[in-house]
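Enquirer: Next come the chains, spelled out residue by residue.
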Amino acid sequence: MSHQSDLIEKDILAYLKSQEEKSLLRFITCGSVDDGKSTLIGRLLWDSKMIFEDQLAALESDSKKVGTQGGAIDYALLLDGLQAEREQGITIDVAYRFFSTDRRKFIVADTPGHEQYTRNMVTGASTAQVAVILVDARKGLLTQTRRHSYLVSLVGIRHVVLAINKMDLVGYDAERFDTILRDYQQFAAPLGFASITAIPISALNGDNIIDASNNTPWYQGSTLMNYLETVQVEDDARNLPFRMPVQWVNRPHLDFRGFCGTIAAGTIRPGDELQVASSGRTSRVARIVTMNGDLQEAVAGQAVTLTLADEIDISRGDVLAPTDAPPRLSRHPEAHLVWMHDEALQPGKVYLVKTATSVTSGRVTRVQFAVDVNTLEQKQAPTLGLNEIGVVRLELDRPVAFDPYRQNRETGSFIIIDRFTNATVAAGMVIAVAPLESPEAELTELGAALPEAGGLLPRRFILSESSISGTGMGVADLTGERGAIEFEVSESFLDYLGKGNRVLFRLRDVGQLEPVARMAYEHHLNFEFGRDQDRVNVILYLDRQGSLAGNPELHGGGL
Amino acid sequence: MNINLTHLQQLEAESIHIMREVVAEFANPVMLYSIGKDSAVMLHLARKAFYPAPPPFPLLHVDTTWKFREMITFRDRMAAECGLDLIVHVNVEGVNQGISPFTHGSALYTDIMKTEGLKQALDKYKFDAAFGGARRDEEKSRAKERIFSFRDANHRWDPKSQRPELWNLYNTRIKPGESIRVFPLSNWTELDVWQYIHLENIPIVPLYYAAVRPVVERDGMLIMVDDDRLVLKPGEQVQYKSVRFRTLGCYPLTAAVESTADTLPRIIQEMLLTRTSERQGRLIDHDQAGSMEKKKQEGYF
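As they're listed, the protein sequences go chains A and B.
Read in this note's numbering, the first sequence has 494 at position 494, and its numbers run on one by one without any break.
Read in this note's numbering, the second sequence has 40 at position 40, and its numbers run on one by one without any break.
For the record, the hints were derived by calculation from the structure and aren't laboratory data.
Each residue gets a CB set at the ideal place from its N, CA and C atoms; glycine is no exception.
Which chain B residues face chain A? A few, computed with CB under 8 Å, are given here:
id, residue
1, Leu-5
2, Ile-16
3, Glu-21
4, Ala-24
5, Phe-50
6, Arg-136
7, Glu-165
8, Arg-266
With a cut-off of at most 30 Å between alpha-carbon atoms, the simulated DSS-like pairs for lysine-lysine come out as follows:
id, chain 1, residue 1, chain 2, residue 2
9, B, Lys-48, A, Lys-17
10, B, Lys-126, B, Lys-48
11, A, Lys-22, B, Lys-48
Excised from the complex, chain B in its bound form (with noise of 0.2 Å):
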């Protein structure tokens, strides 16, 4: 008898053999849910790693507020749907002194409202592992990120000390306050999620899928238009076009694509015959050299 298994059984047990790692190791973990097609395929895994129990952690949503409509509609779905309690927070302060991305310009609302968001979140709820959907093909600076990346106090990475990480022997160990940053996907590819979500046939966001929107062409990207808080500047006009969005996020950062990919395999077929990364997309990376790093550093995902 000779199974061989495929890249995706390889990587899929890897993901469960992390989760499971992390629920018997930690206190009190917690699930970061994005609601993108990487929190889909992670909170998939997370239920085949505690099957028949439903997984033993809740999710966290960090809310801008600046969200697309229908991400939210999906992540209380989800959430019902398999049985987990959901955590949203919200950086009131933020909201308080009015921070939108359209005033504040794209650096210092995702400072605030996402990175100060999010450590609010662990704080208040003093969760000592958080699992993150990023992957190590995303950007450079995530290539040289271990799994289990430590945090101290303030949620500070250093990438000059971190742990050595060898075989699937995680070091899990922390002082009161410190936390770990859990990445099961880290070792997925794009292609990777995109053909696992195709064969294991994992709900998404429809906003992934093509379909006639409004949209806004702005510094040469298409800006949908979800609710009334995008304000036209002159010269800018409401257009409807067949777009998708390659990445969620919120929706004044998030660029859609003109596509008429209304399937998965479409949609597969389409990443693979275009040339242009997946943050692209996203306006966040386009700051300055070396900008995820910095963000890394202060604590983003």
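This is chain A alone, in the form it adopts within the complex (with noise of 0.2 Å):
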């Protein structure tokens, strides 16, 4: 019995409080056709109490008519939602499930094991904490399982369950079970999950389902009950740098300006120093508003509003970061992409692209390669079409701050919206970029248009917003540079620091700082400089108002 009726029967009030601490854990069950996905998560309503007597009596009778069990309850019948697809026998969409124990509340995405809808995986993975993959004892991994376990991977799920179901038609056999979870560990090791649990189960007969089964008494660990109820997703979110996206500017009269939002990462405190992740301005949080009070913290997670103590222009679409790790600011991320709609991509088509609050104009300038689902190669594509994978490049018409999708899957993630059909085409996963992107990889294009003349002429670095994509503050590192290096700077470089960000070079020593003040100088940039040990550290910035503000930033190790 999930729900502990003793003490609802006798003292509801001590129940109800007991209620009060319990968590949410969002999970997807990602299985093929006949895996028997739907009765596994019919198997967990139903040992829970979650189904009624009136939806028992429906089930009863759906059964006889459509079941697919012989007139015995068909589980699966109590999941398929549209009269479409009962007639059919499939499910064709995500559906989302709840039940709850005494501990948690689980919402359970289901989603469809078919070929071609590798769409509604991804979304209903896209919210998901644990993924549950079933695989049939008797056939073992096939291609699907490794293609939803990419996905699971993809969509950032690091805890997976493989629930190798059916195992009462294999005689409950460990060996069997053996062999399929080491083919499956040695499969998925390059997919970087931070646990794989394996569970023998029969969701038709309700092994290891709830309560441990007699018929695999080889079978030591949990149930899957026990795990879902037990299963710590750790919460890295709250050990990020503070992320909150400006979703709207509370006004209700002169006196009181409120920047609402959800807080993508980290905590906030009154006091604590916060910067415009677009225009670099800074200010301290005044108070953290909610209905039943101001709170003196606030975690990832939360919905709130936060007043500043200084007036700053902020809007919707502002990310809010602390001023030492802020989000980058880029108009080229690089990205997963998975193709949504029937219509492919077209690369160089103007779509809109909406991250955390902010909507702008964008296109695909190149697919830099597409990935295949079954077999996880790289291959070259002109293009994506519907369900499609690939890594692609963008760019928007102004910068976005993102976060790369590994460390935080709020600021990480955006949508594709084609213009003039509104229909929601892609999925976005911000790839990490590294601070000076590659910019071996610029010199080594350059390298073929200059004449090699012995090492002898300054390597030439192009400063573009692209090389230099960390935001707020971004990094070029020329320590290891031994010879002459001179500099070609990019309009997209010089619209980059007219935003507010700034670029710290580290320099090998003081005489690398002749062409960083020449560059400065012809192009009316400002830098301030400072001593780190031997090295020289020196900021550069577009300052309009021309007055030199002191940077503590320049002095000491923090840099």
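Build the complex: two chains, separate frames, hints provided.
Expert: Structure below.
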């Protein structure tokens, strides 16, 4: 019994109190068509007493009419929501199911296992913390199993349950179970999951779903329910630098200006210094306002309203972040793209790109490669069609604050919308970009154009926004350069500085200062420099007011 | 410092995020207010989302003229207390045709007085987004509906061409005449709603609490005699029983359950110990399998 009936009957207030500390786990189930996925979820709902008598009556009558279990209860019918699907005998979209025990509330994304439905799985997985991947014990790992695992890892799920189902049909054979687990561990090693937990089950008979099964005395691990109730989904988001995309500015009267948003990462307290990612303006948190009273601290996941100590210009789409760890502001993110529409991606075509609260026009300038979801091989591709996945380079009309998706799902994700049909055509995940992005690569291209003169010519660095993709403070590390250097400055680089971004040059010695100073002189830029042991650090920026404010970051080892 | 957010805190944050997104992205949103417990929670969340400002949208109640009288009293009181504009829309054509749940059957009546009435109101005020308190756990077709659910210019839902909905990035783009129905309580369950009402001390219509009320037994259901439009059939008689309602709608279509649960904890206790789902009390779902899906395609909430 999943809810403590005794306590409910005897002391409802005590019971309610005990429920207040309950946590929430979102998971996704993935499996192929006949893996018994719907049966498994139906079983979880059933065993956690979330099926009511009238639903049971309907289930019994439906099982007789359209069931696949010869008139016996067909749990799968609990889940097949839409009539058209019911007639086809399959689920075709993403459905969300709910059940709870005394320890946790669960939200299950139920997605189909059909080949053409990568789209749905990625959708369901985007909000999940754990994936339950079903494998038919008779068949072992299939192409679909590999595909699902890849998608699950792509979308950033770090904990996987390998539910080896239909153990009853292989005589609860421990060796069969071990073989499948070994195969899977080998296959999944490069996917980087934090944990893989294999459980031998029979969804139909209930083995190891709630209670440990007598049929698998060789298995000492958790039952599926026990795993789901206790798995620690480490809350990485809270330990990351603070991020709050501003969703709405609350101005009920002249004396109140609150910035509303859901905290995407980190924690915040009154007094903390914050910076607006796009403008670099800073202020301190004055209050964390809620209807139930001001908070002394707020954490990732909470929807709050912040007021600041100073009146600075902030609007929807801005991201608030700490001054020492701002997100990257970029017009050219590189990203994984999952194409979700019948009409294929058209590189060069203008789409709308929606990130956490900001919408900007943009285009895909290049498909670097597509990924074969079955073999994980990279292949050249001019475009991406429905359910295809690739790595692309985008060009946005204005810089947008991003974190790498691997670090932060909230500030690393985006969707692409067709401007004319308004359809959601793709989901994107920003890949980590190095601070000074491959100057060597730029140089290689340039090197072909320049005559090689025995290394006597200065090394020429092209500075563009895409080569300096850090936000707030980009970094150009020149400490490895021994010869002469010079810079070529692009318009986008000047735009980047014009938006309040700064670039830190780490120099090998004071001799390298000259080309930096020359560049600043030629382009009317400002810089400040500080010594860091034997090295030199220079911060390049554009100050429209022309004033040279002291910059504390230049001093000491903080750089 | 380690504050773990509870399931209700997480659900609350998600709902608030959804509401702010609507206000930021739409020109003319409205909140469908059905006066029931889900609407009560939705209204409470809206107040939290925009505090200290009042929610920046009106409430819309599509009045079938057959609501319980206590619901109407409660509705007017809540709108006044929250400082919100309340729009009450009645399908006048339906009233003029004398449409009644007793004489026209629940299906036709619901279609004309609720679905048609709703569409009329949305067209009249040109709302581009409408919040509804529906939850995914209520009914199978709802389980697959998006939180931001697109409606064409005829208010129709097409379950086969729903927009993929990822992370908390909602596609709010529409063309003129089209609209989005937004369900901020999508991921709440009935138990969550009750626990939250308890925890946050949210006012609800007294009909949810057990009291002695006049009822007649009809087709195996207890129907409350709320006014003199309920005409007794031969053999029926008014009985006084301690009853309450698990769901509130039009009184002729909403069955009461016998109960003595007169406090919130006792209601929750009863809910946890009974084994009948809440839509059982609504006659609309029994008409045919998949009936909710059909109604939703036609524009029902």
